[in-house]
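2 protein chains.
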Amino acid sequence: MANQVMPNLLLKRAFLTPDRPAIAFKNETYSFKEVYEKSYQIAGQLLHLGLAKGEYAGVLLSNHADTAFIYLAFQLLDVKAVILNNRLTAEEIAWQLNDSKAVHIITEKTFTKKYEEINVVLPKLTVIPKEELFAANFIEPKITDEISLDDVCTVMYTSGTTGHPKGVLQTYGNHWWSAVGSALNLGLSEKDCWLCVVPMFHISGYSILIRSIVYGMRMVILDTFKENEVIKTIQSEKVTIMSVVSTMLIRIEAELGESRLPKEFRCMLLGGGPAAKSLLENCMVKDIPIFQTYGMTETSSQIVTLSPEYSLSKLGSAGKPLFPSQLKIIDSNGEEAGNKTAGEIIVKGPNVTIGYLNREEESSKKIVNGWLSTGDIGYLDEDGFLYVLDRRSDLIISGGENVYPAEIEGVLISHPDIADAGVIGVKDENWGEVPVAFLSGKLELKKDEITEFCLQKLAKYKVPKQFYFIEQIPRNAAKKILRRELRQYLKELKRQDCN
Amino acid sequence: MANQVMPNLLLKRAFLTPDRPAIAFKNETYSFKEVYEKSYQIAGQLLHLGLAKGEYAGVLLSNHADTAFIYLAFQLLDVKAVILNNRLTAEEIAWQLNDSKAVHIITEKTFTKKYEEINVVLPKLTVIPKEELFAANFIEPKITDEISLDDVCTVMYTSGTTGHPKGVLQTYGNHWWSAVGSALNLGLSEKDCWLCVVPMFHISGYSILIRSIVYGMRMVILDTFKENEVIKTIQSEKVTIMSVVSTMLIRIEAELGESRLPKEFRCMLLGGGPAAKSLLENCMVKDIPIFQTYGMTETSSQIVTLSPEYSLSKLGSAGKPLFPSQLKIIDSNGEEAGNKTAGEIIVKGPNVTIGYLNREEESSKKIVNGWLSTGDIGYLDEDGFLYVLDRRSDLIISGGENVYPAEIEGVLISHPDIADAGVIGVKDENWGEVPVAFLSGKLELKKDEITEFCLQKLAKYKVPKQFYFIEQIPRNAAKKILRRELRQYLKELKRQDCN
Numbered sequence: 001m002a003n004q005v006m007p008n009l010l011l012k013r014a015f016l017t018p019d020r021p022a023i024a025f026k027n028e029t030y031s032f033k034e035v036y037e038k039s040y041q042i043a044g045q046l047l048h049l050g051l052a053k054g055e056y057a058g059v060l061l062s063n064h065a066d067t068a069f070i071y072l073a074f075q076l077l078d079v080k081a082v083i084l085n086n087r088l089t090a091e092e093i094a095w096q097l098n099d100s101k102a103v104h105i106i107t108e109k110t111f112t113k114k115y116e117e118i119n120v121v122l123p124k125l126t127v128i129p130k131e132e133l134f135a136a137n138f139i140e141p142k143i144t145d146e147i148s149l150d151d152v153c154t155v156m157y158t159s160g161t162t163g164h165p166k167g168v169l170q171t172y173g174n175h176w177w178s179a180v181g182s183a184l185n186l187g188l189s190e191k192d193c194w195l196c197v198v199p200m201f202h203i204s205g206y207s208i209l210i211r212s213i214v215y216g217m218r219m220v221i222l223d224t225f226k227e228n229e230v231i232k233t234i235q236s237e238k239v240t241i242m243s244v245v246s247t248m249l250i251r252i253e254a255e256l257g258e259s260r261l262p263k264e265f266r267c268m269l270l271g272g273g274p275a276a277k278s279l280l281e282n283c284m285v286k287d288i289p290i291f292q293t294y295g296m297t298e299t300s301s302q303i304v305t306l307s308p309e310y311s312l313s314k315l316g317s318a319g320k321p322l323f324p325s326q327l328k329i330i331d332s333n334g335e336e337a338g339n340k341t342a343g344e345i346i347v348k349g350p351n352v353t354i355g356y357l358n359r360e361e362e363s364s365k366k367i368v369n370g371w372l373s374t375g376d377i378g379y380l381d382e383d384g385f386l387y388v389l390d391r392r393s394d395l396i397i398s399g400g401e402n403v404y405p406a407e408i409e410g411v412l413i414s415h416p417d418i419a420d421a422g423v424i425g426v427k428d429e430n431w432g433e434v435p436v437a438f439l440s441g442k443l444e445l446k447k448d449e450i451t452e453f454c455l456q457k458l459a460k461y462k463v464p465k466q467f468y469f470i471e472q473i474p475r476n477a478a479k480k481i482l483r484r485e486l487r488q489y490l491k492e493l494k495r496q497d498c499n
Numbered sequence: 001m002a003n004q005v006m007p008n009l010l011l012k013r014a015f016l017t018p019d020r021p022a023i024a025f026k027n028e029t030y031s032f033k034e035v036y037e038k039s040y041q042i043a044g045q046l047l048h049l050g051l052a053k054g055e056y057a058g059v060l061l062s063n064h065a066d067t068a069f070i071y072l073a074f075q076l077l078d079v080k081a082v083i084l085n086n087r088l089t090a091e092e093i094a095w096q097l098n099d100s101k102a103v104h105i106i107t108e109k110t111f112t113k114k115y116e117e118i119n120v121v122l123p124k125l126t127v128i129p130k131e132e133l134f135a136a137n138f139i140e141p142k143i144t145d146e147i148s149l150d151d152v153c154t155v156m157y158t159s160g161t162t163g164h165p166k167g168v169l170q171t172y173g174n175h176w177w178s179a180v181g182s183a184l185n186l187g188l189s190e191k192d193c194w195l196c197v198v199p200m201f202h203i204s205g206y207s208i209l210i211r212s213i214v215y216g217m218r219m220v221i222l223d224t225f226k227e228n229e230v231i232k233t234i235q236s237e238k239v240t241i242m243s244v245v246s247t248m249l250i251r252i253e254a255e256l257g258e259s260r261l262p263k264e265f266r267c268m269l270l271g272g273g274p275a276a277k278s279l280l281e282n283c284m285v286k287d288i289p290i291f292q293t294y295g296m297t298e299t300s301s302q303i304v305t306l307s308p309e310y311s312l313s314k315l316g317s318a319g320k321p322l323f324p325s326q327l328k329i330i331d332s333n334g335e336e337a338g339n340k341t342a343g344e345i346i347v348k349g350p351n352v353t354i355g356y357l358n359r360e361e362e363s364s365k366k367i368v369n370g371w372l373s374t375g376d377i378g379y380l381d382e383d384g385f386l387y388v389l390d391r392r393s394d395l396i397i398s399g400g401e402n403v404y405p406a407e408i409e410g411v412l413i414s415h416p417d418i419a420d421a422g423v424i425g426v427k428d429e430n431w432g433e434v435p436v437a438f439l440s441g442k443l444e445l446k447k448d449e450i451t452e453f454c455l456q457k458l459a460k461y462k463v464p465k466q467f468y469f470i471e472q473i474p475r476n477a478a479k480k481i482l483r484r485e486l487r488q489y490l491k492e493l494k495r496q497d498c499n
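Chain order of the listed sequences is A and B.
First residue of the first sequence? That's 1 in the UniProt record's numbering, and the numbers climb one at a time after it.
First residue of the second sequence? That's 1 in the UniProt record's numbering, and the numbers climb one at a time after it.
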């Protein structure tokens, strides 16, 4: 059989249920027909501004209805969206745009300072703030009315142990199957409404948009997280499902106090790293229906979710792989580990990325016969439920954002006074984890100076909260940093705060 | 990308939700774990009896939980089921078994007479009644734990204008996408329960089994249609969805009288040919939530369904194509017809058959670039809703069963005293339509004699209810029967009943 084709998602949805409410933002609600008309208009303007079918173009936007329309206009034109985390520095974003060979970026005036800096690094890049896009001339666009599930739809960068971020290719099929796998697990009701307060530039937010279109479901977008507003919105908009990370859930749970969420609210989808057992237990007391999940950019959102009937008996587990997907635990010999034996989590399924943009070698190392090595550590219990122990050995998850030590170390070492650097995560009450750094080199450096230096090159959430000077960064024979030893230092050794 | 693979459907479902109720039949309800254990046991017994992965084997069974277990055991072994309509004559079934090169048939003792006759025609065929299968020895089976969506799962024969039936290939992907397309349209609730009183040997019944496994949904099987029992079962089993054909719905609606179905009952999926507007209106008065559909064996059940929000304003329409599927109306020049212009319905989508078994030439004529010519006539209104005018020009639908005039004509002409024959459908209060025949040849033939002759070779529902002798069967230059003229005869000309 040839590659599976399907109607363009938005085109089909607007045809099927034009009058259903689709996207709510602030005081506006748009029907699917209106979403289509907006996106169609933008598609014609993008075309006028020179974007072309098949190209990779950057998108740097905050949560807003416009962001949905622009993402969908890209799909109508079959322009591949390189979706940029708006918390990154100009330098980080420029690196991703350069790596993806994007020549256009759609952004917004609130990021003027950032995109002007990007333009300095990449003078050939055409920067199009949405305010100019919406005022541009219009060319009747030729809509891509049929898509192949194998075609790339979006690219999202994620760092790894190697330091530099890699562009994760997400096909239409990845997004489609992710939406279908979730629906088969959570069910699907005409009354459903999904609240999106997670960033739309993350797969957690983008996947809500896809579900809205595929299911014909209303989504409500919020541009900032404020726990009291979230609770009010759940009530006023009759929200039934919401995606959160632990940091958000802690604040919602606290804000609720003695009150409860409406009984129509049926699913709090909790992703973005491990959650404290105490939090899960507190939520249970308040009847917050938590669905723990495990997923990543490479799996186009959740791949493992705890089914409703097990939320109590398997508290703390991420659940079982969604219907179309598979999972194994592999020991250090590459063999399947027995029950209750920890090992690396590997996953397979139609929602798993086909690879990294322009990185065939790395892709073929990380994805073998369709099985993706996640680098995360976990085990399966006797009933096949997954318990995630450690994300990617050295990965730090801070407020739901992935922070890769190697990337921070690379920046630190680039400072002329720093000889070597090692970064680990430490527990933090608000953010889950925060990065701290160990440094060797000249001792006269001040914390403020290093912080300032890092802020030039790294998103704020990646900048270490503490710096410790030590004589030598522990490394093994292969020069790999021994992070476990750094953790030991923190616990046991006499510390020398550089501040 | 390689062919899309997925976990074996039953294996995965039994792993995900082992304890959920899966199949209810008479006084027994089996959980998904129990369904798996039953099917696994049968798979091992089939293996012992010589069935092998990849072979095509016949299945001749009536509605029963065992039938589900056997179908699923076939899937576990990756044996392709040639699913036989148990209302066919031994001769008709033997023809299909021979055509599909099946060497085994799984059947049941209630069909002893029929399978003994089949065995006379096909002496090399190994007949295995389920009573013997269940008593057979067991070999630990090697389960097909991963399926390719492109692999054939089932074959169902359907006749055409050419007379002889053709085996429609239905892949795992066809069934999967059909189930997903339906869920995206109807929604999916933990409380759902689908009543199967349509034959499991039809795609209408088999597709309920697939949905049960894919959704993790309870299905209730009834072996005969009795309107009072159906209503009782809906109440006692808390059925929410039911598949019906018009004939059934007429009887349910009448039986209900002044009473109503429980309010949890949310969908009466009406397929198998056009429904009278008066029936739809009567149902509306009684709050029976009718979802009109259009589909066929080649589309692995419904491909077009009327969404809930349009059941009133588009009464009589079959709706719009399900999310993954597409539809066009083609005029006699092969061009897309404008709105409100009748033409042939052509369809495309991942639920559409890949072709007919061992009939590559016919397949490539009927399916061009993924578009299947249905032969049915219809039009789209200004909003893109489908109205089906005529099934396959000459197709007769009697009580939900397809009856092909060419097949009956072939049998009639084989009688030594009949020179020529033409068959058309006439309206019937109970069955929607029934076939009647026009004959030319010796006039001394009696109705009873011809009926008796037909019953030897044709399923009862295919045997004409009336025979009319005329001088000559009207044919065009290409010798094609002019059925419209036969319809005119019935209306206007002096008739000569052969009885």
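I should point out that these hints are in silico values taken from the structure, not numbers from a laboratory.
Don't take every hint at face value.
One copy or any two copies: either way a pair holds, since identical chains are not told apart in the list.
[Claimed, not checked] Quick list of in silico lysine-lysine cross-link-like pairs, DSSO-like style, CA-CA up to 27 Å:
hint	residue 1	residue 2
1	Lys446	Lys366
2	Lys314	Lys491
3	Lys26	Lys232
4	Lys142	Lys314
5	Lys191	Lys263
6	Lys191	Lys53
This structure is a prediction, so every number in the text was calculated from the model and none was measured.
Requested in this report: At 27 Å max between alpha carbons, let me know whether Lys142 reaches Lys314 within a copy, between copies, both or neither.
Outcome: Neither: 50 Å inside a copy, 31 Å across copies.
Requested in this report: Since the copies are identical, ignore which copy is meant and state whether Lys191 and Lys263 lie within 27 Å (CA to CA) inside a copy, between copies, both or neither.
Outcome: Answer is both: 13 Å inside a copy and 17 Å across each meet the 27 Å cutoff.
Query - Intra- versus inter-subunit Cα pairing at 27 Å for Lys314 with Lys491 - result: neither (31 Å within a copy, 71 Å between copies)
Report task. With 27 Å as the alpha-carbon cut-off, assign the pair Lys26 and Lys232 to within, between, both or neither. Result -> For Lys26 and Lys232, only the intra-copy Cα distance (13 Å) is at most 27 Å; the inter-copy one is 49 Å.
Query - Within, between, both or neither, where Lys446 and Lys366 count as close if Cα-Cα is 27 Å or less - result: neither (40 Å within a copy, 77 Å between copies)
Query - Homomeric proximity label, Lys191 with Lys53: Cα distance no greater than 27 Å - result: Neither: 36 Å inside a copy, 44 Å across copies.
Violated hints, in rising order: 1, 2, 4 and 6; the structure is consistent with all others.
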